[in-house]
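Given chain Y, put chain G in place with the hints provided.
Note that the protein sequences, when read in sequence, are chains Y and G. Each residue of the first sequence is one higher than the one before, counting from 10 in my numbering. Each residue of the second sequence is one higher than the one before, counting from 94 in my numbering.
Some hints here could point you the wrong way.
Stated by the list, open to error - EDC-like cross-link-like pairs, simulated, lysine to aspartate or glutamate; straight-line CA separation at most 16 Å: (1) G:315 x G:167; (2) G:315 x G:175; (3) G:286 x G:387; (4) G:357 x G:387; (5) G:286 x G:309; (6) G:357 x Y:232; (7) G:212 x G:175; (8) G:357 x Y:15; (9) G:315 x Y:232.
Calculated directly from the structure, the hints in this document are not laboratory data.
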Amino acid sequence: MNTGLEWNILLPAWLAGMLVLASHVPLGRRVLERGIIFIDIAIAQFAGLGVILAHFLGWQGGWRVQAAALLLAAVGALLLHGTERRWPRLQEAIIGVSFVLVASVAILLLAHDAHGGEHLREMLVGQILWTTWDDLPLLALLNGLVLAAWFGGLRKSALGFYLLFALAITASVQVVGVYLVFASLIVPALVAHALRGGRALLAGYLTGAVGYALGLLASARWDLPAGAVIVCVLAVAGFSVAAWRGLVCRRPPPVLD
Amino acid sequence: MRIVSTLASLGLALGLAAPVHAALEVLACEPEWAALVREIAGDRARVASATTPSQDPHRIEARPSLIARARNADLLVCTGAELEAGWLPLLQRESGNARIQPGSAGHFEAADFVELMDKSQRVDRDMGDVHAAGNPHIHLDPDNVARVADALATRLARLDAANAAHYAARNRDFQNRWREAMQGWRVAAAPLKGVPLATHHKDWVYLARWLGMRVETTLEPKPGIEPSAAHLAEVLRRTRERPIRMIVYTNYQSPRPSRWLEEKTGAPAVRLPYTVGATPRATDLITWMDEVVDTLLAALK
Chain Y
10 MNTGLEWNIL
20 LPAWLAGMLV
30 LASHVPLGRR
40 VLERGIIFID
50 IAIAQFAGLG
60 VILAHFLGWQ
70 GGWRVQAAAL
80 LLAAVGALLL
90 HGTERRWPRL
100 QEAIIGVSFV
110 LVASVAILLL
120 AHDAHGGEHL
130 REMLVGQILW
140 TTWDDLPLLA
150 LLNGLVLAAW
160 FGGLRKSALG
170 FYLLFALAIT
180 ASVQVVGVYL
190 VFASLIVPAL
200 VAHALRGGRA
210 LLAGYLTGAV
220 GYALGLLASA
230 RWDLPAGAVI
240 VCVLAVAGFS
250 VAAWRGLVCR
260 RPPPVLD
Chain G
94 MRIVSTLASL
104 GLALGLAAPV
114 HAALEVLACE
124 PEWAALVREI
134 AGDRARVASA
144 TTPSQDPHRI
154 EARPSLIARA
164 RNADLLVCTG
174 AELEAGWLPL
184 LQRESGNARI
194 QPGSAGHFEA
204 ADFVELMDKS
214 QRVDRDMGDV
224 HAAGNPHIHL
234 DPDNVARVAD
244 ALATRLARLD
254 AANAAHYAAR
264 NRDFQNRWRE
274 AMQGWRVAAA
284 PLKGVPLATH
294 HKDWVYLARW
304 LGMRVETTLE
314 PKPGIEPSAA
324 HLAEVLRRTR
334 ERPIRMIVYT
344 NYQSPRPSRW
354 LEEKTGAPAV
364 RLPYTVGATP
374 RATDLITWMD
384 EVVDTLLAAL
394 K
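Same shape as in the complex, but just chain G:
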């Protein structure tokens, strides 16, 4: 006990002694969370993202710089829900950094704070079954981003109590701007309501739900695994029964499957930016979603 309290007071002393600008070191797993940390922490955090906007977050390659960043990180901000299951546990182990190990305050998983879709273990081919925990592409639902922002502000305040007020104020500001932006998207995207579409992977189901669009079918339910002819026959059968208006895929996916369905159905294949930074215009969360909504609306014409 004495050791613990000694360490605690030592930590407190160090914390107090540190200069005001000593920023938290944050390693985000994906660019969308890096962007969110920037919104809420401002200059109180130095943020890096483990993956780039053009990378499939399901898989990345380890580099020394990534392990070095993990070693120094005070906070890891990831999606969770097994999205990073292929590489994050390894990175945490390699880092030897106790602050960011699973279960500690320095390991923030956004999926803990939202309701995941596709959670049921349905044996439906079209839902796929890659992520038993549920669909991890949660940032594609703007309401989720707002929830995660609240949780992130709380977590930052817990890790860096001295700046708690700063984080709370910036979060309030972000929430206001985000709410206003959401209102704008809802109004602008009214023509998208009820529009049927197909997706390459099942990532866009969150946005489709938020906008009231109907996902009729998915081309490649398991990322990286080529589909069977039987699955594609089922896709075609569905699109004949319930014609789709567009096929969406992300900037990091091959356009070939979507173009294939485009040829078969006549509905346009639409490439959407998956996250912040995927296009020159998508510099932060709001401009990114602006671009997504505009691209969908353009495809409708």
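Same shape as in the complex, but just chain Y:
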């Protein structure tokens, strides 16, 4: 195939996926453990709202918009941290409500001024194939920071988890989009949920790395949209591993650590 493999396209995209996975696999395990599956989508919406607010303040492009996105994501994380402490059993519902609430506020803000709408879409539907080599250092720095802080001790604090989560999601959603962020968080965590410690992380990373690689190759080979096909491959990979491990035989799931 003449049009098939162009490493200059696939490699930066795959590396971006690996950087996203680096932080999302450990964070995803915590998300699954706490049963707050949709928190990433809610936090991404908060970040999107930050972009719109930056627009209303007349801030143009660049770091100030990113700062606004990160600030709102952090505010959202703090709010959700607060609600979890107060109403732990209602947390999933509160996350769902905050998602639709923030998304609707964004729509209302943009109702009479469509200028920010494109920024919002840009922010939430980042497309992995547009990753350039220039995008990678910043993504590496941010995800490295998250990882360092996580294993440096912040994973023991609930507040630390929420804040690191806000940082990781704000960075990754713009590069790979909401769907891939969700899949990168949850699928490896599902695959590894019966394992502990280092083996769990290894299983998560391997599933993710193989899923991204096969997805990108499929996109090149069969001319398919990259993000969507990676999500499908990740899901199939996760399901296969789960089936292989006999999880579909209704064995009671082991207690998580």
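Positioned in the frame of chain Y, the structure of chain G alone reads:
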């Protein structure tokens, strides 16, 4: 028959009885047509645009004010060619306004009066296949704007016969100014002739043809659908075979794809105002195209 003639005479009577300044209510689908109505109708029409310059006309969100405007509109001025297929039929139905239903005189579609590009159903990936009717971004060809202006003047005269002379005179004036402006652009844009470029979406092919530029490849043939790695490999292969000088995208599109190609090829990514109002300078059709041509020329340096 009697009812029809009674209604007709009633309408005529109302028309005659109405004050001279009773303006036509016009709802334009896009800012470029709102601007054109303003040129030709002047104060005889109250014009609103359903979309803003920073919005992708392929999709908009319904608001009560939009339905209210459609309800009162005497004339709907849209592009047609399926550009508004995602929302206009719904708006027309919701409006319950018989004057602007498809096929009636109050539904003006600019694409009916020009030759559409990409009309053939070629199975060429790079042409995309979103619009089976042909490429709807017709206002990016200045000759098309002149043709649509003539047709619009005729339509306005038909809907508002009392002001027919007014519309004809304003159209003549616009055509003169537009012709002069076109001459200016052709002279100024002479260095752009034969320059190869890539586009984000296939919207700019009209202007490229008008200026004699060569569109070598398109990054995102289907708006809103992410491309495949295979398509991008093909894009890179083409740009290596036939190097491009610039990559153009509109103000409402994400700059990321164009920057991606900029990194790969070294050709600059150029953001062009898609329509009237997209930049502070582009206050009407002529100043808008002034800015487009100037931006392209600046990118060449």
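Structure-based check of each hint:
{"no.": "1", "hint": "G:315 x G:167", "verdict": "violated, 33 Å"}
{"no.": "2", "hint": "G:315 x G:175", "verdict": "holds, 14 Å"}
{"no.": "3", "hint": "G:286 x G:387", "verdict": "holds, 14 Å"}
{"no.": "4", "hint": "G:357 x G:387", "verdict": "violated, 25 Å"}
{"no.": "5", "hint": "G:286 x G:309", "verdict": "holds, 14 Å"}
{"no.": "6", "hint": "G:357 x Y:232", "verdict": "violated, 20 Å"}
{"no.": "7", "hint": "G:212 x G:175", "verdict": "holds, 12 Å"}
{"no.": "8", "hint": "G:357 x Y:15", "verdict": "holds, 12 Å"}
{"no.": "9", "hint": "G:315 x Y:232", "verdict": "holds, 13 Å"}
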